[in-house]
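There are 6 protein chains.
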Amino acid sequence: MGDRLGAMSRIDGRTPDQLRPVTIQRGWSKHAEGSVLVSFGDTKVFCTASFTEGVPRWRKGTGEGWVTAEYAMLPRSTNTRGDRESVRGKIGGRTHEISRLVGRSLRAVVDFKALGENTVVLDCDVLQADGGTRTAAITGAYVALADAIAWAQGKKLIKHGRKPLTGSVAAVSVGIVDGVPLLDLCYEEDVRAETDMNVVCTGDGRFVEVQGTAEAQPFARDELSAMLDLAVAGCSSLDAAQREALARTLG
Amino acid sequence: MGDRLGAMSRIDGRTPDQLRPVTIQRGWSKHAEGSVLVSFGDTKVFCTASFTEGVPRWRKGTGEGWVTAEYAMLPRSTNTRGDRESVRGKIGGRTHEISRLVGRSLRAVVDFKALGENTVVLDCDVLQADGGTRTAAITGAYVALADAIAWAQGKKLIKHGRKPLTGSVAAVSVGIVDGVPLLDLCYEEDVRAETDMNVVCTGDGRFVEVQGTAEAQPFARDELSAMLDLAVAGCSSLDAAQREALARTLG
Amino acid sequence: MGDRLGAMSRIDGRTPDQLRPVTIQRGWSKHAEGSVLVSFGDTKVFCTASFTEGVPRWRKGTGEGWVTAEYAMLPRSTNTRGDRESVRGKIGGRTHEISRLVGRSLRAVVDFKALGENTVVLDCDVLQADGGTRTAAITGAYVALADAIAWAQGKKLIKHGRKPLTGSVAAVSVGIVDGVPLLDLCYEEDVRAETDMNVVCTGDGRFVEVQGTAEAQPFARDELSAMLDLAVAGCSSLDAAQREALARTLG
Amino acid sequence: MGDRLGAMSRIDGRTPDQLRPVTIQRGWSKHAEGSVLVSFGDTKVFCTASFTEGVPRWRKGTGEGWVTAEYAMLPRSTNTRGDRESVRGKIGGRTHEISRLVGRSLRAVVDFKALGENTVVLDCDVLQADGGTRTAAITGAYVALADAIAWAQGKKLIKHGRKPLTGSVAAVSVGIVDGVPLLDLCYEEDVRAETDMNVVCTGDGRFVEVQGTAEAQPFARDELSAMLDLAVAGCSSLDAAQREALARTLG
Amino acid sequence: MGDRLGAMSRIDGRTPDQLRPVTIQRGWSKHAEGSVLVSFGDTKVFCTASFTEGVPRWRKGTGEGWVTAEYAMLPRSTNTRGDRESVRGKIGGRTHEISRLVGRSLRAVVDFKALGENTVVLDCDVLQADGGTRTAAITGAYVALADAIAWAQGKKLIKHGRKPLTGSVAAVSVGIVDGVPLLDLCYEEDVRAETDMNVVCTGDGRFVEVQGTAEAQPFARDELSAMLDLAVAGCSSLDAAQREALARTLG
Amino acid sequence: MGDRLGAMSRIDGRTPDQLRPVTIQRGWSKHAEGSVLVSFGDTKVFCTASFTEGVPRWRKGTGEGWVTAEYAMLPRSTNTRGDRESVRGKIGGRTHEISRLVGRSLRAVVDFKALGENTVVLDCDVLQADGGTRTAAITGAYVALADAIAWAQGKKLIKHGRKPLTGSVAAVSVGIVDGVPLLDLCYEEDVRAETDMNVVCTGDGRFVEVQGTAEAQPFARDELSAMLDLAVAGCSSLDAAQREALARTLG
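Residue numbers (full-length UniProt numbering), protein chains in the order written: chain C, 1 to 251; chain Z, 1 to 251; chain A, 1 to 251; chain E, 1 to 251; chain F, 1 to 251; chain U, 1 to 251.
Honestly, I wouldn't trust all of these hints.
Intra- or inter-copy, both count: the list cannot distinguish identical chains.
[Said to hold, decoys possible] Below, in silico cross-link-like pairs of lysine to any residue (SDA-like), each with a Cα-Cα straight-line distance of 20 Å or less:
id: 1; residue 1: LYS90; residue 2: ARG100
id: 2; residue 1: LYS30; residue 2: THR78
id: 3; residue 1: LYS155; residue 2: ARG81
id: 4; residue 1: LYS159; residue 2: GLU64
id: 5; residue 1: LYS30; residue 2: ASP42
id: 6; residue 1: LYS30; residue 2: ASP190
id: 7; residue 1: LYS113; residue 2: LEU165
id: 8; residue 1: LYS155; residue 2: ALA226
id: 9; residue 1: LYS113; residue 2: GLU215
id: 10; residue 1: LYS155; residue 2: THR80
id: 11; residue 1: LYS30; residue 2: ILE11
id: 12; residue 1: LYS60; residue 2: THR78
id: 13; residue 1: LYS155; residue 2: GLY205
id: 14; residue 1: LYS163; residue 2: ILE11
id: 15; residue 1: LYS30; residue 2: ASP83
id: 16; residue 1: LYS90; residue 2: ALA216
id: 17; residue 1: LYS113; residue 2: GLN217
id: 18; residue 1: LYS155; residue 2: GLU117
id: 19; residue 1: LYS90; residue 2: GLY161
id: 20; residue 1: LYS90; residue 2: ARG14
None of these hints come from the bench; they were simulated from the model.
Since this is a predicted model, take the numbers as computed values, not measurements.
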């Protein structure tokens, strides 16, 4: 397989194990407690973290907070305009599925006791799509969440000394295209992939979510292994980008 | 009234007849045939124009095209997060009303015969709101529409020599705050306004829409006149900004 | 323009500044606290005002009341049967828009402190449509509202000496047809109008709402002025009709 | 039971076997092909029959027509205002059930071959409710349907010599209150009834629908018989009222 | 008519007054407080009774309980697959109507004071349909309800000595096919029936619901009588089957 | 870890690598082309495969068929009754997600060219839930699909010699409970699991879907490996059960 990897040229000239250029711009909204414009190549997702005191009814009195997420695509974020889900009057299965994935991924690094009875809603709206929107959303939402929590700490809405974040989280897609495992598929690669996998990792390299789907044909154990290797390395790079973004002073 | 005008200082230091800083960035999406990020101060609206061949069923065989618009606010575009209309399963009255206003305003400068049986959908998504989102949406959507039509002309999708745009259109809000007519209200002014008016003008200074609403108390004929004067001048400045934006070469 | 006005004959023989025959029948329902069948020519709208103690949750404890409105058309109120919005499962944009307009217009003459924590819901159901349904609805709803408030005063549900109504409100449409400004358009005129405007005035001649729309072509400032003149005079006649109706003893 | 019948005085002074005053006003809408305002005492239902050429897709090419019905109550037709089903976004079970009943009842007297590929939609909107709205709706809808068919025959939309109506149909409620069978219950009687029954008959005295419901306690065979006797007699009177209404010249 | 009855052979060899084989299997779910798989020939309905403490809001503080029902068909319970109502986003009229019928029928034998402020929800899901699904649902739901109440008595959730069930209830369909009254129609007979009737009786032979519908032509009083005779006898046999089922020890 | 595995006793006495008793009953519906009642312990799912000629519009003329799935839970399939999604008017995220998973899993073993322009809809309705409903659904749906395809081959609806199934597919859940990897979690284990994974395999042991979720804490690479080992072995046993079921003669 190595030879093929060496010889192959990806659509955009990347090597198989190379991420697209990643940018994470914080403070993109004057209203939200945390806000990020994240881009993985031409994929751009606007993530806001809305911090509010109080929790949903089913959680009241537990002393624990809550984090949830909603993902959506703007109608013309894709090559062909899609109907607005608000106009259709219902949310599609894909939107539901990704919203749930983003929420679960972020909750994996939150200590709800430390958060106290507060809620953070993460909104991830895709402004431009070119593959990997859900992984960009998770990666950006983590940074927005971190900013919202820092904001709440500054406002003393979280008890002194409490650390609601137990770690960081980032996500990347991997896939097998023409038999070659590739990291961070763009849309054109995604369409051609035999297998498509989204992997969410913590900053210390453990798994939060592993979702692999055989698109064209079932995959073998060694292919799964190769994809996981790429994904773990990719998430590690994204973790570095998140740290760097958070280290900057927010204007 | 003149004295009060002279003495008064607006929240952001503007004079009563002054617009907020206006920016119109074209080419903001790689997918849409026309796309603009328009800002009126802190109000930012992302406008895309999607050009497709063909028309809705009720229009087929007429030889005429169609232009329609959808307006929406991202959940955290405002100071307090609002529920997503897709999640609530229905579009609110305000959204409906503004979508219809934007569509009507743009259709006022379109020659549907010249457009031929093609459709342009204008999506105006508010990324950040600070008053005047509907007027920014109309002003930006016109530029996106102009770009989409130029694109279609380049692709020969519109017959040679036909001019689907019969003019330009821009919009601005005016209101009376503490008895003083003001141009282009920001959110804080809007909340305090006794009367609120949205005016849509063509580039040659005629009216496409005039919508005045007494918020706190009914308004007199001379107040209406003063507001119209401000609005016509404001639209004229916006018309200049649109021309300037369209004169730039699109990267 | 004067000559044209003099020479012109409207479809139904009216002069340009003439209203259609207006009737306002009170007490049209045995259940509602206020009820009116209003007709502007062949346009007939059934308006009920339902008075209930208490206010919506967001208003509780403020000591202030609330007034809201819902407008709808019966499916066969028009020439061609329309789908029921209850069957389609959602309210259309036009219905939303008019319901909001009616509610705002009535609220403009209500002192919510004087009303106390009570709610009035105005239902305006179009039984037969021939243009001007929204203006007939506002004009009739005011009378139903006045009756409902009188009923509540009789029942001591409003504190002695309080006057929840600060004035009266009426509405009329105006438009420009073949270059001539006309008052109170019937459906056939409305369809042909270049410009269509709805104006809501208080009994003392000030504006509550001014909504002008260029249907076929943008309109100039002097045309706007001519339309406003007609509308103010029309609303004044409607105000007289409202007073006369309210002066009658309710059987 | 006879003695009790003789001694009893109904709320409104009727004898047990007496209908409320019934009025059937035709031509109540200028738009609909058939239209009727029917009243059974204080119950008032506005029925329109909309005739259109063509049939629903599933019926195309069969040479047969279709008749369907929609029933609804205006929000303040009852003593307490009910939510609009269009606003709630769905039709309630009771509305569904009655719409289906009205449609089935009317279809029972239609020869679809004779109607040809045409559709009649019957809209029955309750303006004021005081018990028996569904039976008034059926009784009025029949007259509206007859007028719509006569209209279509006049327009030659139905083949010469064809008779789409095979008979007439009327409906009435019966019930047992304090052990006494009563005809045509008003709301107050309906609430107190142990058993409530709606009966739809053809003009020749046969049954189209018989729907009896034990509200407070199960009913015996002889009680059922007594109710059916009352209903058959009541429908016969309604049939006479329908004939009389249809015999009048429509202004 | 007697001769025809004697000579006739039903599709499945039954005599006109014969039920299909009826089975009532209790304890079909490990979760529900009462659960039954009831079959009337090839019609199979899964009925669960869910007992919960507390009542809906409108019933709180009355000391009375509540019983309600929901009926639904699995998409492929019929010969041709039907759309899921959850996917279509709304419940159809037939489903609404039958759910209401089942609820009313069961409530007819419940003493809500004796039940106390507890709620039982009866879910009747049709696994396989071959005519008579609503009557099988009622017949099975009664047994599930009886089991749920016995369960609650065992748990002391109902006061000692109270008897929430005042009787039993069963239901059967009857119809007229080719002029012959038949008991318990299977689907093929139902489709051919001129008249179709559903009858719900208490164990002591009184009526709870009588719903007769002329499918192909109106029916006469003696036909109604003949159908009622068959139905009363059929319900009596079903009552025996219910008693037998309830007499068995629940594994 | 081995020692803990040896020492541990699972709630129901199974070893960590042991499936619950699996039963696959074919021919459970007289209407569906394929139908199966599958049970994994107390989890029971009713799967039907509905074969119809023709394909959805977007697929017409391609010569290829389509396979899709809908999953749902009966309201009282769980310990506490859940609201019906049809009554709520929308499908929840979990239902959407699982329906999509089942459809994708089955499509992975279908050759759409060989199927021709035919559609199979798989309905998986959970009658009783005790963990692993989605994996039971996939496992049962495969058998129903195989029966529906055999039926279509018998009816010559699929071209002679074509094999629409390219393999078989089965699914199982695995998880880590108290640090120990366990196969086929029952509900009680599922609730306590730190990590939960669903694995869909083909009969030849390759992966179709791998979905692992950290419930309580992120998981390491070796834990992922241990879970995959268990899952592959479990699917292999399920594959044997499927073969055995399909080898039986269908009554």
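> Okay, which hints does this one fail, numbers in order?
Replying inline: 8, 12, 13, 14, 16, 19 and 20
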